[in-house]
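Enquirer: Chain by chain, the residues run as shown.
Number of protein chains: 2
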Amino acid sequence: MKKIMNDPKDFVDEVMVGIETAYGDRVHLLDGDTRILVSSYPKKRGKVGIVTAGGSGHLPVFLGYVGSGLLDGCAVGNVFASPSAKKMAAMIKACDDGNGVLCLYGNYGGDKMNFAMACEVVEMDDIETMSVLVTDDVASSPKETASKRRGVAGMVYAFKIAGAAAEQMMTLNQVAEVTTKAIANIRTMGVALSPCIVPEVGKPTFTIEDDELELGMGIHGERGIEVCKMMSANEIADYLFDRIVADLILEKGDEVSVMVNGLGATPLEEQILVYSRVASRLKKQGIAVYMPHIGEFATSMEMAGLSVTILKLDAQLKGLLRMPASSPFYTSENK
Amino acid sequence: MKKIMNDPKDFVDEVMVGIETAYGDRVHLLDGDTRILVSSYPKKRGKVGIVTAGGSGHLPVFLGYVGSGLLDGCAVGNVFASPSAKKMAAMIKACDDGNGVLCLYGNYGGDKMNFAMACEVVEMDDIETMSVLVTDDVASSPKETASKRRGVAGMVYAFKIAGAAAEQMMTLNQVAEVTTKAIANIRTMGVALSPCIVPEVGKPTFTIEDDELELGMGIHGERGIEVCKMMSANEIADYLFDRIVADLILEKGDEVSVMVNGLGATPLEEQILVYSRVASRLKKQGIAVYMPHIGEFATSMEMAGLSVTILKLDAQLKGLLRMPASSPFYTSENK
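Respectively, the protein sequence lines represent chains L and G.
Final position of the first sequence in my numbering is 345; the numbers increase by one with none missing.
Final position of the second sequence in my numbering is 345; the numbers increase by one with none missing.
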């Protein structure tokens with residue numbers, strides 16, 4: 011096992027302290043709690059709070075999106091494990107400014123259960139919450155049972171849209187509504203080329219041969235649709251694109267944003283090749299791309315592979331996507 | 011070999027086309043040349059041009075820093091190979107606006123030779139050039155022969171300082187002078203945990219055992235100082251920090267910027283652990299950190315490992331570092 015770390019059981023706490031050490035002018039640990047990060051950016055009074063939570067090991071997801079025009083707070087658990095309901099409740103309280111909090115997170119059992127408990131707890135303090143689940147991974151369940159799908163890289167678009175909506179002083183209901191609409195327009199699918207190593211486990215999460223890739227794998231190493239022989243960049247892009255557009259109806263004249271997300275060990279050069287092919291497929295269909303995102307947005311530590319996400323835009327979603335946003339790990343300038 | 015690519019011999023050209031496809035609103039290929047990228051950002055009239063060149067395979071270095079307040083142009087060769095003098099000359103010409111061009115690049119034989127020829131060529135067109143070499147890698151040569159050192163991640167700070175100086179309408183001489191001062195204040199050292207694969211070669215650049223790391227390795231896999239057993243994050247940070255401060259005199263009350271640069275496959279979490287330790291060592295010595303940079307700034311494709319860079323600031327360098335800058339791959343907001 012070759013990971014740059016100290017005692018594996020301190021991994022998450024040390025990362026959290028490191029984030030505050032580096033970016034303490036913009037984000038901070040809530041009352042010094044090494045599992046809860048909240049924004050220190052100036053905030054409009056009465057703005058709806060946007061929070062998320064989930065397992066560690068996906069940076070920049072989730073902590074990297076605590077900032078301005080994005081998330082107000084984030085609770086994390088151990089690597090790939092949900093944080094407790096207690097931590098979530100403390101975070102929700104800290105992020106409420108009187109007009110409620112949107113809990114926006116990936117569709118995973120532990121996170122759902124704990125968020126449900128946390129929301130009950132804060133209700134006793136008269137804090138209103140709504141929950142919206144991100145379910146963008148087309149590989150994880152067929153279209154007929156789309157609500158069972160996992161949340162993966164598309165959640166970054168969801169954070170961006172929700173954060174911008176709150177920044178525009180929409181009500182909690184309105185923020186939840188537009189975020190739900192965005193998620194209905196987001197699809198992701200990924201491939202994995204190599205596993206990652208969970209610090210406290212110390213061995214690879216799965217095995218894969220040197221000439222193989224796994225199609226549709228989840229960001230925690232959940233099994234995909236099939237294992238096949240290695241394909242070219244164009245073949246991978248085509249495969250992912252075809253699966254996504256079989257699920258998300260796109261028509262000539264539509265506008266989309268495209269994210270090619272590196273899972274950790276895949277070079278930016280290779281991500282760009284895949285983006286290029288996806289963009290050319292879209293162009294052939296008369297579909298324009300707005301604000302492409304290419305890079306590492308939601309990783310599985312050192313896993314090699316990437317995912318493609320398409321967000322279908324309408325005027326409202328485009329307006330929210332283009333609003334400025336800033337965090338230590340993500341910057342979007344108004345263009 | 012598992013790389014996401016098409017025909018290996020098309021790798022660089024396809025990446026260049028991909029960059030223009032994604033970010034054609036901000037950068038473009040010079041006359042469609044797939045080895046020369048220039049900025050399309052609005053530019054002040056008569057600004058000194060800042061250009062670089064080098065081998066491909068290091069994204070975001072070099073292409074990712076073509077933008078506003080950064081580089082005006084960049085020529086690239088094949089992976090880890092210098093571009094031709096002809097390409098460099100075409101780029102210099104395109105980036106001259108009457109007041110000369112600074113050629114700012116890493117201290118490698120091929121790049122030096124080709125830039126020297128390119129500068130002679132453009133002189134015939136009455137274009138004034140000056141050259142400044144980045145020599146920040148303390149592992150590559152002892153202090154007595156510091157001018158022989160290689161340029162590595164510290165070149166990103168050099169690009170930022172030079173770009174800001176040009177933006178302030180300094181003359182070519184002034185830009186070269188302040189950039190030279192910055193480089194004299196920059197030191198980097200790195201460790202590698204795993205090799206990368208050059209597309210047209212198809213096999214790892216070097217071998218290293220599963221329980222070893224190489225100290226002082228270069229970003230093309232150049233041999234380092236020693237191979238040793240795997241160390242903890244704190245031990246790695248201490249080792250790199252000690253080597254850097256043995257070479258760069260820091261005193262209580264000094265201010266520095268620190269970059270922890272992932273070489274490709276090393277997770278952001280692990281980079282943050284190393285940053286945290288370096289920051290704590292600096293704090294103990296009464297040295298403040300300004301604008302930390304943590305992430306992938308200069309990679310070796312899928313190589314695992316990281317480097318630490320320290321830039322010692324004075325009032326002028328701090329002022330230039332904090333000026334806004336923007337490219338498709340790097341954003342710095344004025345704070």
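If you are wondering where the hints come from, they were derived from the structure by calculation, not from laboratory data.
Owing to the predicted nature of the structure, the values given are computational and were not obtained by experimental measurement.
Do not rely on the hints blindly, as some may be mistaken.
One copy or any two copies: either way a pair holds, since identical chains are not told apart in the list.
[As the list claims (entries may be wrong)] Taking lysine-lysine pairs in the BS3-like style, the calculated list, with each CA pair at most 30 Å apart, reads:
id	residue 1	residue 2
1	Lys-97	Lys-262
2	Lys-293	Lys-19
3	Lys-12	Lys-122
4	Lys-53	Lys-12
5	Lys-213	Lys-239
6	Lys-19	Lys-239
7	Lys-294	Lys-19
8	Lys-294	Lys-12
9	Lys-53	Lys-328
10	Lys-12	Lys-213
11	Lys-213	Lys-262
12	Lys-293	Lys-12
13	Lys-293	Lys-96
14	Lys-19	Lys-213
15	Lys-19	Lys-328
16	Lys-103	Lys-262
Enquirer: If the cutoff is 30 Å on CA atoms, where do Lys-53 and Lys-328 land: within, between, both or neither? Let me know, please.
Expert: both (23 Å within a copy, 28 Å between copies)
Enquirer: Indicate which option fits the pair Lys-19, Lys-239 if close means a Cα-Cα distance not exceeding 30 Å: within, between, both or neither.
Expert: So Lys-19 and Lys-239 pass the 30 Å test across copies only (21 Å; inside, 37 Å).
Enquirer: Evaluate Lys-213 and Lys-262 at a C-alpha cut-off of 30 Å and name the case that applies: within, between, both or neither.
Expert: Answer is neither; intra-copy 47 Å and inter-copy 43 Å both fail.
Enquirer: 30 Å Cα cut-off: does Lys-19 pair with Lys-328 within a copy, between copies, both or neither?
Expert: Neither: 42 Å inside a chain and 38 Å across chains, both beyond 30 Å.
Enquirer: I want to check one pair: Lys-293 and Lys-19. Are their C-alpha atoms no more than 30 Å apart within a copy, between two copies, both, or neither?
Expert: This pair counts as between: shortest inter-copy Cα distance 25 Å, intra-copy 48 Å.
Enquirer: Quick one: Lys-12 to Lys-213, C-alpha cut-off 30 Å, is that within a copy, between copies, both, or neither?
Expert: both (10 Å within a copy, 20 Å between copies)
Enquirer: Which holds for Lys-293 with Lys-96 at a C-alpha limit of 30 Å: within a copy, between copies, both or neither?
Expert: neither (48 Å within a copy, 33 Å between copies)
Enquirer: Pop the pair Lys-19 and Lys-213 into one bin, within, between, both or neither, using alpha-carbon distances up to 30 Å.
Expert: Within one copy only: 15 Å inside a chain, 35 Å across chains, cut-off 30 Å.
Enquirer: Could you place Lys-294 and Lys-19 in one of the four classes (within, between, both, neither) given a Cα distance threshold of 30 Å?
Expert: between (50 Å within a copy, 25 Å between copies)
Enquirer: Treating 30 Å as the Cα threshold, decide for Lys-97 and Lys-262: within, between, both or neither.
Expert: Cα proximity of Lys-97 and Lys-262: none, with 46 Å in one copy and 39 Å across.
Enquirer: For the identical chains here, do Lys-12 and Lys-122 meet the 30 Å Cα criterion within one copy, between copies, both, or neither?
Expert: neither (33 Å within a copy, 36 Å between copies)
Enquirer: Give the relationship of Lys-294 and Lys-12 under a CA distance limit of 30 Å: within one copy only, between copies only, both, or neither.
Expert: between (44 Å within a copy, 29 Å between copies)
Going down the numbered hints, you'll see the structure goes against 1, 3, 4, 11, 13, 15, 16, while the others check out.
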